[in-house]
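Start from the sequences and build out the full structure, keeping to the hints where you can.
Taken in order, these protein sequences are the chains called F, D, Y and X. Here the first sequence is numbered in full-length UniProt numbering, starting from 1 and rising by one per residue. Here the second sequence is numbered in full-length UniProt numbering, starting from 1 and rising by one per residue. Here the third sequence is numbered in full-length UniProt numbering, starting from 1 and rising by one per residue. Here the fourth sequence is numbered in full-length UniProt numbering, starting from 1 and rising by one per residue.
Any given hint could be a false lead.
Remember, identical chains collapse to one label, so a pair may be satisfied in a single copy or spanning two.
Here are the simulated EDC-like cross-link-like pairs (lysine to aspartate or glutamate), alpha carbons at most 16 Å apart as the crow flies [unchecked claim]:
id	residue 1	residue 2
1	Lys-150	Asp-126
2	Lys-75	Glu-272
3	Lys-75	Asp-263
4	Lys-254	Asp-76
5	Lys-254	Asp-163
It should be emphasised that the hints constitute simulated quantities derived from the structure, not laboratory data.
4 protein chains.
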Amino acid sequence: MPSRLSHNSYGKHRVRVSKIRRPRQGAPNTERHEFVEAAVDVELEGDFDAAFTNGDNRSVVATDTCKNTVYALAKDDPLETIESFGLTVARHFIGRYEHVSRCRVRLTEHVWERLADSPHAFVARDSVEPTAEVVLTRGAEPVVTSGVEKLMIAKTTESGFVDFHRDDFRTLPDTEDRILATEMTAEWRLASADADFATVRKTVVDTMLARFVDHYSRSVQETLHLMAAAALDAAPAVAEITLTMPNKHHLLAKLVPEGTANDNEVFVVTDEPFGYISATLARE
Amino acid sequence: MPSRLSHNSYGKHRVRVSKIRRPRQGAPNTERHEFVEAAVDVELEGDFDAAFTNGDNRSVVATDTCKNTVYALAKDDPLETIESFGLTVARHFIGRYEHVSRCRVRLTEHVWERLADSPHAFVARDSVEPTAEVVLTRGAEPVVTSGVEKLMIAKTTESGFVDFHRDDFRTLPDTEDRILATEMTAEWRLASADADFATVRKTVVDTMLARFVDHYSRSVQETLHLMAAAALDAAPAVAEITLTMPNKHHLLAKLVPEGTANDNEVFVVTDEPFGYISATLARE
Amino acid sequence: MPSRLSHNSYGKHRVRVSKIRRPRQGAPNTERHEFVEAAVDVELEGDFDAAFTNGDNRSVVATDTCKNTVYALAKDDPLETIESFGLTVARHFIGRYEHVSRCRVRLTEHVWERLADSPHAFVARDSVEPTAEVVLTRGAEPVVTSGVEKLMIAKTTESGFVDFHRDDFRTLPDTEDRILATEMTAEWRLASADADFATVRKTVVDTMLARFVDHYSRSVQETLHLMAAAALDAAPAVAEITLTMPNKHHLLAKLVPEGTANDNEVFVVTDEPFGYISATLARE
Amino acid sequence: MPSRLSHNSYGKHRVRVSKIRRPRQGAPNTERHEFVEAAVDVELEGDFDAAFTNGDNRSVVATDTCKNTVYALAKDDPLETIESFGLTVARHFIGRYEHVSRCRVRLTEHVWERLADSPHAFVARDSVEPTAEVVLTRGAEPVVTSGVEKLMIAKTTESGFVDFHRDDFRTLPDTEDRILATEMTAEWRLASADADFATVRKTVVDTMLARFVDHYSRSVQETLHLMAAAALDAAPAVAEITLTMPNKHHLLAKLVPEGTANDNEVFVVTDEPFGYISATLARE
Numbered sequence: 001m002p003s004r005l006s007h008n009s010y011g012k013h014r015v016r017v018s019k020i021r022r023p024r025q026g027a028p029n030t031e032r033h034e035f036v037e038a039a040v041d042v043e044l045e046g047d048f049d050a051a052f053t054n055g056d057n058r059s060v061v062a063t064d065t066c067k068n069t070v071y072a073l074a075k076d077d078p079l080e081t082i083e084s085f086g087l088t089v090a091r092h093f094i095g096r097y098e099h100v101s102r103c104r105v106r107l108t109e110h111v112w113e114r115l116a117d118s119p120h121a122f123v124a125r126d127s128v129e130p131t132a133e134v135v136l137t138r139g140a141e142p143v144v145t146s147g148v149e150k151l152m153i154a155k156t157t158e159s160g161f162v163d164f165h166r167d168d169f170r171t172l173p174d175t176e177d178r179i180l181a182t183e184m185t186a187e188w189r190l191a192s193a194d195a196d197f198a199t200v201r202k203t204v205v206d207t208m209l210a211r212f213v214d215h216y217s218r219s220v221q222e223t224l225h226l227m228a229a230a231a232l233d234a235a236p237a238v239a240e241i242t243l244t245m246p247n248k249h250h251l252l253a254k255l256v257p258e259g260t261a262n263d264n265e266v267f268v269v270t271d272e273p274f275g276y277i278s279a280t281l282a283r284e
Numbered sequence: 001m002p003s004r005l006s007h008n009s010y011g012k013h014r015v016r017v018s019k020i021r022r023p024r025q026g027a028p029n030t031e032r033h034e035f036v037e038a039a040v041d042v043e044l045e046g047d048f049d050a051a052f053t054n055g056d057n058r059s060v061v062a063t064d065t066c067k068n069t070v071y072a073l074a075k076d077d078p079l080e081t082i083e084s085f086g087l088t089v090a091r092h093f094i095g096r097y098e099h100v101s102r103c104r105v106r107l108t109e110h111v112w113e114r115l116a117d118s119p120h121a122f123v124a125r126d127s128v129e130p131t132a133e134v135v136l137t138r139g140a141e142p143v144v145t146s147g148v149e150k151l152m153i154a155k156t157t158e159s160g161f162v163d164f165h166r167d168d169f170r171t172l173p174d175t176e177d178r179i180l181a182t183e184m185t186a187e188w189r190l191a192s193a194d195a196d197f198a199t200v201r202k203t204v205v206d207t208m209l210a211r212f213v214d215h216y217s218r219s220v221q222e223t224l225h226l227m228a229a230a231a232l233d234a235a236p237a238v239a240e241i242t243l244t245m246p247n248k249h250h251l252l253a254k255l256v257p258e259g260t261a262n263d264n265e266v267f268v269v270t271d272e273p274f275g276y277i278s279a280t281l282a283r284e
Numbered sequence: 001m002p003s004r005l006s007h008n009s010y011g012k013h014r015v016r017v018s019k020i021r022r023p024r025q026g027a028p029n030t031e032r033h034e035f036v037e038a039a040v041d042v043e044l045e046g047d048f049d050a051a052f053t054n055g056d057n058r059s060v061v062a063t064d065t066c067k068n069t070v071y072a073l074a075k076d077d078p079l080e081t082i083e084s085f086g087l088t089v090a091r092h093f094i095g096r097y098e099h100v101s102r103c104r105v106r107l108t109e110h111v112w113e114r115l116a117d118s119p120h121a122f123v124a125r126d127s128v129e130p131t132a133e134v135v136l137t138r139g140a141e142p143v144v145t146s147g148v149e150k151l152m153i154a155k156t157t158e159s160g161f162v163d164f165h166r167d168d169f170r171t172l173p174d175t176e177d178r179i180l181a182t183e184m185t186a187e188w189r190l191a192s193a194d195a196d197f198a199t200v201r202k203t204v205v206d207t208m209l210a211r212f213v214d215h216y217s218r219s220v221q222e223t224l225h226l227m228a229a230a231a232l233d234a235a236p237a238v239a240e241i242t243l244t245m246p247n248k249h250h251l252l253a254k255l256v257p258e259g260t261a262n263d264n265e266v267f268v269v270t271d272e273p274f275g276y277i278s279a280t281l282a283r284e
Numbered sequence: 001m002p003s004r005l006s007h008n009s010y011g012k013h014r015v016r017v018s019k020i021r022r023p024r025q026g027a028p029n030t031e032r033h034e035f036v037e038a039a040v041d042v043e044l045e046g047d048f049d050a051a052f053t054n055g056d057n058r059s060v061v062a063t064d065t066c067k068n069t070v071y072a073l074a075k076d077d078p079l080e081t082i083e084s085f086g087l088t089v090a091r092h093f094i095g096r097y098e099h100v101s102r103c104r105v106r107l108t109e110h111v112w113e114r115l116a117d118s119p120h121a122f123v124a125r126d127s128v129e130p131t132a133e134v135v136l137t138r139g140a141e142p143v144v145t146s147g148v149e150k151l152m153i154a155k156t157t158e159s160g161f162v163d164f165h166r167d168d169f170r171t172l173p174d175t176e177d178r179i180l181a182t183e184m185t186a187e188w189r190l191a192s193a194d195a196d197f198a199t200v201r202k203t204v205v206d207t208m209l210a211r212f213v214d215h216y217s218r219s220v221q222e223t224l225h226l227m228a229a230a231a232l233d234a235a236p237a238v239a240e241i242t243l244t245m246p247n248k249h250h251l252l253a254k255l256v257p258e259g260t261a262n263d264n265e266v267f268v269v270t271d272e273p274f275g276y277i278s279a280t281l282a283r284e
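Structure, rendered in structure tokens:
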């Protein structure tokens, strides 16, 4: 039974790069630095079948060369945003190698904030990770998707869950007052690669957080939808947004001695199993 | 700018279940047990839009109920394989809830082996994780995909990489003797849900490992293709197979004092960055 | 050859608890909450030998009971700080069980910050983890140690490393301008259990960060010492402080095409191997 | 308030090295290789105060040099065991640098097994990690401790826990039939650095596993003690052994529909919280 190679891709993952930007130069100890760090995945598709089927490597840009390329491009690119750097990387591979038909770049930023207004000291204490993906197919416009991972938010009241499906496999009671906690992942696809990525990012995240706060939540589903819809409203540059809100459960603790009341005060925190809720909203 | 809910799904992830099977019963301390453990993700799609858009939970089978269901089904299902249990779970949700249009079940097994031929003592020392995914869409046949994760294999010779694309971004020299090491992930889609999953699994894995050993590797790409093609040949029940072989680099160490030779003896082991090579083979 | 049980301890680890505090009460949706979360390890020593040597469990407070106890105590304790809650837990076990001779409690806080000045919405985006350990030995004063983990800081200049030991195993050149980055762990033992833990914590961390910024670093060792000494100076309640500063290397990238200059602009970020530097400073 | 540097140490952690040994040499594709891999931590103590207190680096053997040293020594050392290589490393630092007073080397092996009797193909599928620590203080004999981590074992019956301390904080019932599962860590200190480390390791582990199987367990404590005592009996070269047996709970699942019996068949597997039991046995 003969087989065929129906898909292949390859590249280098976890190319971790940092860059010192020097927008205002001065004497060594007063020069004002900016410090950016990202992990970059590069994947290539194209005319690479012979490497798989025939051990013919002539068209293969080595994954080591992909790595070299990321560092080389980081020298001249200002790394203003991970999205813009992703575009630089994707355009390089499509521009330089005629046999590459598609380049996919995924980036995760490790955010450094200025420390104590020092010109060159930084602290990285934000657990939220900005992400971006750029997919550039030869002859097409680049598709840029921005995102965040590990955004952990909670409401300690103004959240309930009632009137859900009832059958003999259900044991969870209705509740009109519970903790809603989630470690949110968001991804928003930009309508165009000319977007102002940083501004859009700030608008999307700030809008979602404000929406998270402002209502009584009847379910994770409802809150997710309100947040996603608000982000689409606030950021016209966004074509589509996907939110994933795993429920990080804080369960009412059963207190000892037996009969001790727990009036929504003390909770058992668990990582697994966890409720998983995900939805995509697009413009009409 | 109005928006629409273009996709949604929800469920419970990381439902971790273990089961004692008692195929040969006897006195308490001689009864011969089998011990199986898996982590199960359940995701549902269907008529759930009102929960997102209107806070109407009436159709929502709570994720807590999904969890209850996994344990309830584990009582009567023999858990022969994670694939067969995944089918049981998916069929339950499609059969019981008319408004569920698709159920996706992902499972990872934590393998317990018998210890010292004891009837009831076990050891879990295999780092390889069997996986399975069952997708059941109402009105269609179930699609079952089996797999393995974390299968770490290496060749200390009989592997090279030469004649790959040369330009001024390339610094890696040609080599005809290097270490090839990878932490392989494989996924094979079965042509039918009636397959003998355990036998197919053994055939696919054993065949791939035998193929890994038997040739001089001109690239990860070539070796991946040989292994995937051999698996398709050996297992007619498999319709398609995807292998991902991240290159876990063992780089020749530069030895001190300066000038000390390193004749392929001592290597620096690194986790990142890593070469990423993936391909899918289907039957013609 | 007979053996003896020379040491034993047991308890429950990773008891994860959250608590809603209601310092200012009001209507359900305006009541101002505070939200605290911690993971608690409890370990007991005492007259437990018979459980090990003779299967006699009568003195064993089950680890499940230890867990129940943490939740029970979290109801009445205000959880002002992890240190004060650790004292509550340790004193409970010593006070209630005469055969317990020592109780060790370790706590890690998961910090929730108020979101958008909401009375009941929170965000947990600080990757730094406050830690505490309370050791209470029967008849002695409690020993309280506070700390932080995962405090990642960097200087992009004003850091060098020169004139270190030179021999033929050394290949690292002298440098007067490098990135110094570390993921710091700090632990400070309080002179007394009556300390104002929150104020001391703020003083120690703020002082260390200010000291990190203010000097040219001749080595991680020197900077670590300056930071620890400054913390001892600023916080008289601290008897001893230990800092561990693993060097998270940002190595100057070798750029392609060959010959491209890299004037301290682009760096390769690596997690391993990493330099490990640790020291303890005590009062004279 | 003046302070003093009461302790310091530094070194390189996570130096990951692999080595091809060629005990039987032949033609390239028939030469029989052995393949070993380890991660090595090196820590030095000695006359290093001036680096901390005065920015004087002259005595500092750079952590980069420590790394170079591990690779250099891996060339000539046969890497028979991680213990013997740890001794080589420790002796090198004490022998070469007069101002180093103590060298501590910690090693974790990543075990490669021969695959399909190939002379040069290997698989690393054992999740158990052999460990070793060598501490060499100038003028003293080296102290060698061997160990294993992540040895996951379970008994599905022949384990109970009854008659433990009863009070109103206890909710766990007595049980005479439960699952006992643990991810064991063991460390055994050798009486002498001349021990046959590999043989001792095999004896200790095999003996403990055999003992784990052969009895009705009245508690984790009792089983831990029986296993440790058996290891001391079987391996005269061992002076002291410490076992840590975190209880990886498999809790009887409460089945739906309400009232469904669960006759020790289906269990909820949890990682946290977990019971923690540890003890050290020494020779009389």
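The hints, checked one at a time:
| no. | hint | verdict |
| --- | --- | --- |
| 1 | Lys-150 <-> Asp-126 | both (10 Å within a copy, 11 Å between copies) |
| 2 | Lys-75 <-> Glu-272 | neither (43 Å within a copy, 21 Å between copies) |
| 3 | Lys-75 <-> Asp-263 | between (58 Å within a copy, 9 Å between copies) |
| 4 | Lys-254 <-> Asp-76 | between (59 Å within a copy, 14 Å between copies) |
| 5 | Lys-254 <-> Asp-163 | neither (24 Å within a copy, 23 Å between copies) |
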